[in-house]
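**Student:** Chains as they are written, first to last, in this note's numbering: chain A, 14 to 231; chain B, 14 to 231.
Heads up, some of the hints might be wrong.
One copy or any two copies: either way a pair holds, since identical chains are not told apart in the list.
[Claimed, not checked] PhoX-like mimics (lysine-lysine), calculated; alpha carbons at most 20 Å apart, straight line:
id	residue 1	residue 2
1	K186	K24
2	K133	K214
3	K187	K24
4	K24	K133
5	K214	K187
6	K186	K214
7	K186	K133
8	K24	K214
9	K133	K187
For the record, the hints were derived by calculation from the structure and aren't laboratory data.
These numbers come from a predicted model, not from an experiment.
There are 2 protein chains.
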Amino acid sequence: MDPITRTTRTKLNRLPARANYDREVIHSIIDDAIICHVAFIEDGSPFVTPTAIMRQGENVYLHGSSQSRMLQHLGLGHEACISVTHVDGMVLARSGFHSSINYRSISLFGRGHLVEGNQKIQLLNDFVDSLIPGRASDVRPMTPNEINITSVVEFPIDEASAKISVGQPSDDKKDYNLPIWAGVIPLEINSGDPIPDPQMKFPIDTPAYALNYMNGRD
Amino acid sequence: MDPITRTTRTKLNRLPARANYDREVIHSIIDDAIICHVAFIEDGSPFVTPTAIMRQGENVYLHGSSQSRMLQHLGLGHEACISVTHVDGMVLARSGFHSSINYRSISLFGRGHLVEGNQKIQLLNDFVDSLIPGRASDVRPMTPNEINITSVVEFPIDEASAKISVGQPSDDKKDYNLPIWAGVIPLEINSGDPIPDPQMKFPIDTPAYALNYMNGRD
Numbered sequence: 014m015d016p017i018t019r020t021t022r023t024k025l026n027r028l029p030a031r032a033n034y035d036r037e038v039i040h041s042i043i044d045d046a047i048i049c050h051v052a053f054i055e056d057g058s059p060f061v062t063p064t065a066i067m068r069q070g071e072n073v074y075l076h077g078s079s080q081s082r083m084l085q086h087l088g089l090g091h092e093a094c095i096s097v098t099h100v101d102g103m104v105l106a107r108s109g110f111h112s113s114i115n116y117r118s119i120s121l122f123g124r125g126h127l128v129e130g131n132q133k134i135q136l137l138n139d140f141v142d143s144l145i146p147g148r149a150s151d152v153r154p155m156t157p158n159e160i161n162i163t164s165v166v167e168f169p170i171d172e173a174s175a176k177i178s179v180g181q182p183s184d185d186k187k188d189y190n191l192p193i194w195a196g197v198i199p200l201e202i203n204s205g206d207p208i209p210d211p212q213m214k215f216p217i218d219t220p221a222y223a224l225n226y227m228n229g230r231d
Numbered sequence: 014m015d016p017i018t019r020t021t022r023t024k025l026n027r028l029p030a031r032a033n034y035d036r037e038v039i040h041s042i043i044d045d046a047i048i049c050h051v052a053f054i055e056d057g058s059p060f061v062t063p064t065a066i067m068r069q070g071e072n073v074y075l076h077g078s079s080q081s082r083m084l085q086h087l088g089l090g091h092e093a094c095i096s097v098t099h100v101d102g103m104v105l106a107r108s109g110f111h112s113s114i115n116y117r118s119i120s121l122f123g124r125g126h127l128v129e130g131n132q133k134i135q136l137l138n139d140f141v142d143s144l145i146p147g148r149a150s151d152v153r154p155m156t157p158n159e160i161n162i163t164s165v166v167e168f169p170i171d172e173a174s175a176k177i178s179v180g181q182p183s184d185d186k187k188d189y190n191l192p193i194w195a196g197v198i199p200l201e202i203n204s205g206d207p208i209p210d211p212q213m214k215f216p217i218d219t220p221a222y223a224l225n226y227m228n229g230r231d
């Protein structure tokens, strides 16, 4: 795939070596995420809202209640900025100044639109499997009313960039002589033992996709 | 402490039962966070950027390079919206419609300002200990140049709200009779074994704050 063309909004002013415009890299950072943060402007003020995200091909999708202020606004085609961020580790340098965080993030700029009809129904089912791979075939089918009161907004991955920071600290040359421990503390999201709903009326085995959730997403 | 007065921006239109305006609740959600997402408007477009966050009293602080487009903009007092989000679990309901995510989040609206002088130096040291409790006394002291080329922006916690979703799914009454597994998959961020910088020139024991990072932050 061709890399994404950079714009004034996606070009990194500082530390350009951390920037990446490869579609595969941007896709994998989105696919590893459960949620994103969406910024938009309403009544002249900036807003930012966390919400689940799903990617298919060269589009990302947000969904939720049709009453959601954010989805109503974005569905009208107002400009948005979407951020996905993974915090992968704390970087302990020999100075506070060079101490930092390892991360993988993407920024996506653009205007979305509402998806309707059969495509919306398909995407809502896909959302279940995107968030919990294997789950969609286990839940009861959607009702027409549920479909009506849920919105899906599509954004093309046109104007986007990734920013990645990885590895050990970059300390000042002379600081390497100091007797200070330096290194990286890796961070990751883990899933714990599933907690069955006490209101289940039947003995039902916990599904494999719940027992092994974070590994199953990889 | 008195709860925060709600405004049109912080009042929840939907699911108002999930909203919380208690300062203690808002503080604890911020204190559990490593990063936040900051939205702002530049040249008429929305931007959102992930960055580390620290709270002291009724203020939160962001910091970074003085060259940062975001910090320059926020330091001038332009409006911002700050979001902190913790994803605590996946909620597997008997329908896709009621499936959801457990989370704790805050939204903070306001205008910041640059902090200078001794307060800035103190805050930069505090940032090291806020992100890695116990680390500040181990790193080499900041240089005057490092202080000069770093900015700290302060935001008051005036217009803010928390939003919390916790517990088991709320399914449609008749769906409880379906033989579908339902429950919660808990999620948490864990720290792994610290990875020492291979460029250390002395044998130095890994500090306790690195060995036990996520527990030490609690």
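**Student:** For K133 vs K214, is the C-alpha pair at or below 20 Å within one copy, between two copies, both, or neither?
**Tutor:** Neither, since 32 Å and 59 Å both go past 20 Å.
**Student:** At 20 Å max between alpha carbons, let me know whether K186 reaches K133 within a copy, between copies, both or neither.
**Tutor:** Neither: 56 Å inside a chain and 26 Å across chains, both beyond 20 Å.
**Student:** At 20 Å max between alpha carbons, let me know whether K186 reaches K214 within a copy, between copies, both or neither.
**Tutor:** Between copies only: 12 Å across chains, 65 Å inside a chain, cut-off 20 Å.
**Student:** Between K24 and K214, at a C-alpha cutoff of 20 Å, which is it: within one copy, between copies, both, or neither?
**Tutor:** Classified as neither: same-chain Cα gap 55 Å, cross-chain 37 Å, threshold 20 Å.
**Student:** Cα distance capped at 20 Å. Does K186 pair with K24 within a copy, between copies, both, or neither?
**Tutor:** neither (29 Å within a copy, 51 Å between copies)
**Student:** Cα distance capped at 20 Å. Does K214 pair with K187 within a copy, between copies, both, or neither?
**Tutor:** between (66 Å within a copy, 12 Å between copies)
**Student:** How do K24 and K133 come out at 20 Å by Cα distance, when the copy is not named: within, between, both, or neither?
**Tutor:** Answer is neither: 33 Å inside a copy and 29 Å across each miss the 20 Å cutoff.
**Student:** Since the copies are identical, ignore which copy is meant and state whether K133 and K187 lie within 20 Å (CA to CA) inside a copy, between copies, both or neither.
**Tutor:** Classified as neither; 59 Å inside a copy, 25 Å across copies.
**Student:** Check K187 against K24 for me: Cα-Cα at most 20 Å, and say if that holds within a copy, between copies, both or neither.
**Tutor:** neither (32 Å within a copy, 53 Å between copies)
Of the hints listed earlier, those the structure fails to meet are numbers 1, 2, 3, 4, 7, 8, 9, in rising order.
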